[in-house]
Structures are given as structure tokens and as C-alpha cells.
Amino acid sequence: MYEYIVGKITKIDSGYVVLENNNIGYIIYCPNPYGFNENEEYKIYLYQQVREEELSLFGFKTIEEKEIFLKLISVKGIGPKIALPMLATGTPEGLIDAIERENILYLKKFPKIGDKIARQIILDLKGKLVSKDEINNKGVNNEELVDALKALGYKSANINKILPKINHDISLEEQIREALKLLLK
Numbered sequence: 003m004y005e006y007i008v009g010k011i012t013k014i015d016s017g018y019v020v021l022e023n024n025n026i027g028y029i030i031y032c033p034n035p036y037g038f039n040e041n042e043e044y045k046i047y048l049y050q051q052v053r054e055e056e057l058s059l060f061g062f063k064t065i066e067e068k069e070i071f072l073k074l075i076s077v078k079g080i081g082p083k084i085a086l087p088m089l090a091t092g093t094p095e096g097l098i099d100a101i102e103r104e105n106i107l108y109l110k111k112f113p114k115i116g117d118k119i120a121r122q123i124i125l126d127l128k129g130k131l132v133s134k135d136e137i138n139n140k141g142v143n144n145e146e147l148v149d150a151l152k153a154l155g156y157k158s159a160n161i162n163k164i165l166p167k168i169n170h171d172i173s174l175e176e177q178i179r180e181a182l183k184l185l186l187k
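Just so we're aligned, residue 3 is where the sequence shown starts under my numbering, counting upward by one.
Think of the hints as simulated: they come from the structure by calculation, not from any bench.
Bear in mind that the values here come from a model prediction, so they are computed numbers and not experimental data.
From the three backbone atoms N, C-alpha and C, an ideal C-beta is built for every residue, glycine too.
Honestly, I wouldn't trust all of these hints.
Claimed, not checked - Straight-line C-alpha distance at most 16 angstroms; calculated EDC-like pairs for lysine to aspartate or glutamate:
(1) K163 / E95
(2) K13 / E56
(3) K45 / E67
(4) K13 / E43
(5) K10 / E54
(6) K152 / E180
(7) K152 / E102
(8) K157 / E104
(9) K130 / E67
(10) K163 / E67
(11) K78 / D126
(12) K130 / E180
(13) K130 / E95
(14) K63 / E43
(15) K130 / D99
(16) K73 / E40
(17) K63 / E40
(18) K130 / E69
(19) K128 / E146
(20) K128 / E69
(21) K118 / E104
(22) K73 / E43
(23) K130 / E104
(24) K157 / E146
(25) K118 / E145
(26) K187 / D171
(27) K45 / E66
(28) K68 / E145
(29) K130 / D117
(30) K63 / E95
To be verified - Derived Cβ-Cβ restraints for the label pairs, each shown as a range:
(31) L154 / N34: 36 to 44 angstroms
(32) E95 / E145: 17 to 25 angstroms
(33) N41 / L182: 49 to 57 angstroms
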């Protein structure tokens, strides 16, 4: 498996880019190939798919994009060729928000996503996707706080709204009390 590759983009096509590294050109399927510029060097995070007669590389500009992609392809009925357009036509934050709010209409706007697959995405991924803002707001104490609040039955979306308002210099027990006061308002 590959984590990432660094090299120069030598070709941009509608579904992929060619990245040259050590005089080898790699075809990397991307959500938005036109987000890259030719003859510039990039670090592309990779997912390698191995099939009977095919070896494919899927690339992402950020690790967050890759993580969402990996979660999407873990859903029954969604492969890389369906997950890529989902990331290309929507923002990762928009996709996470749609899943958390159970917005089936938003999910059905993507190619090859019908009612059944949209419901499966929500069922499998609700509460499991982490937005960039949530990553930035999480420290070691925040992870424990979030886990405790989830155990009490609160949803990730509600928890994420109050995290910035909580004093993180106090003990975990005091943070939980403070969070519960904010959640009950």
C-alpha cells in the first residue's frame, strides 16, 4: 500500500492526472483533476485498489479527503468509481453535513446514488465522519469529552457546536458539566 507520492503533474485529463516520480508516470484518478496545475510538484495521498486484472491509484490533495473516500467505499454498494464523483461535485463538509442531517435528496444528486444507497450511506456513516473543523477543535481532552457526551446519547453535530465554548483547562468532569449545561439550553 502507498500512503502518498510526491512528484510533478505532467498531464491532466477529465478523470485523472499523470504524476511523474523518478521518471515513472503514474495515472492517479482524482475527484477534481483540474484542481492541479501541470508542471507543478504535489504531494498526493493515495488509495491503491487491487483487482484481478487491474491495479488503480486514487489520489487526494488532503488526508481528510482520503479519509472520507475510505469511509464512503466501506459502504455496501459504493466503490471508488462512485465515491470519486461524490467528492468531486460536493465539498467534504457538505457531504458530512448531509449525512449527519440525513439529507437523502442531497446524496441522490450524485451519479449512481439512488434512494437505497443514500439510505445505506446514512445508516453506515452517520456519526462516523469527522469534519476538518472538528479535527481542529479536538485535543486529547476533547476526544474524551466527545466520547462521554456520545455515550450519554448526544449527537456529533450538537457536540461540535458547543466544543469551542468549553474551557479546556478544567478537569474532564467539569468539562462534561459545562457541556451538559450548554446542550440543555
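Taking the hints in turn, this is what the structure says about them:
1. K163 / E95: Holds, at about 14 angstroms.
2. K13 / E56: violated (21 angstroms)
3. K45 / E67: Holds: K45 and E67 sit about 13 angstroms apart, inside 16 angstroms.
4. K13 / E43: Holds, at about 12 angstroms.
5. K10 / E54: This hinted pair is violated, its Cα atoms lying about 29 angstroms apart.
6. K152 / E180: Given that 16 angstroms is the threshold and the Cα spacing comes to 15 angstroms, the pair holds.
7. K152 / E102: holds (14 angstroms)
8. K157 / E104: holds (13 angstroms)
9. K130 / E67: OK: K130 and E67 at ~14 angstroms, within 16 angstroms.
10. K163 / E67: Violated: K163 and E67 sit about 22 angstroms apart, past 16 angstroms.
11. K78 / D126: holds (9 angstroms)
12. K130 / E180: violated (24 angstroms)
13. K130 / E95: Given that 16 angstroms is the threshold and the Cα spacing comes to 13 angstroms, the pair holds.
14. K63 / E43: holds (12 angstroms)
15. K130 / D99: Holds, at roughly 12 angstroms.
16. K73 / E40: Roughly 30 angstroms between the alpha carbons, so the hint for K73 and E40 is violated.
17. K63 / E40: Holds, at about 15 angstroms.
18. K130 / E69: Distance of about 11 angstroms is within 16 angstroms: holds.
19. K128 / E146: violated (19 angstroms)
20. K128 / E69: holds (15 angstroms)
21. K118 / E104: holds (13 angstroms)
22. K73 / E43: violated (28 angstroms)
23. K130 / E104: Holds. K130 to E104 sits at ~13 angstroms (cutoff 16 angstroms).
24. K157 / E146: At roughly 15 angstroms apart (the allowed maximum being 16 angstroms), E146 and K157 satisfy the hint.
25. K118 / E145: violated (33 angstroms)
26. K187 / D171: violated (22 angstroms)
27. K45 / E66: holds (14 angstroms)
28. K68 / E145: Given pair K68, E145 is violated - Cα atoms ~21 angstroms apart, limit 16 angstroms.
29. K130 / D117: violated (20 angstroms)
30. K63 / E95: Cα-Cα ~15 angstroms, so holds.
31. L154 / N34: 36 to 44 angstroms: holds (39 angstroms)
32. E95 / E145: 17 to 25 angstroms: Given about 20 angstroms between the Cβ atoms, the range holds.
33. N41 / L182: 49 to 57 angstroms: holds (55 angstroms)
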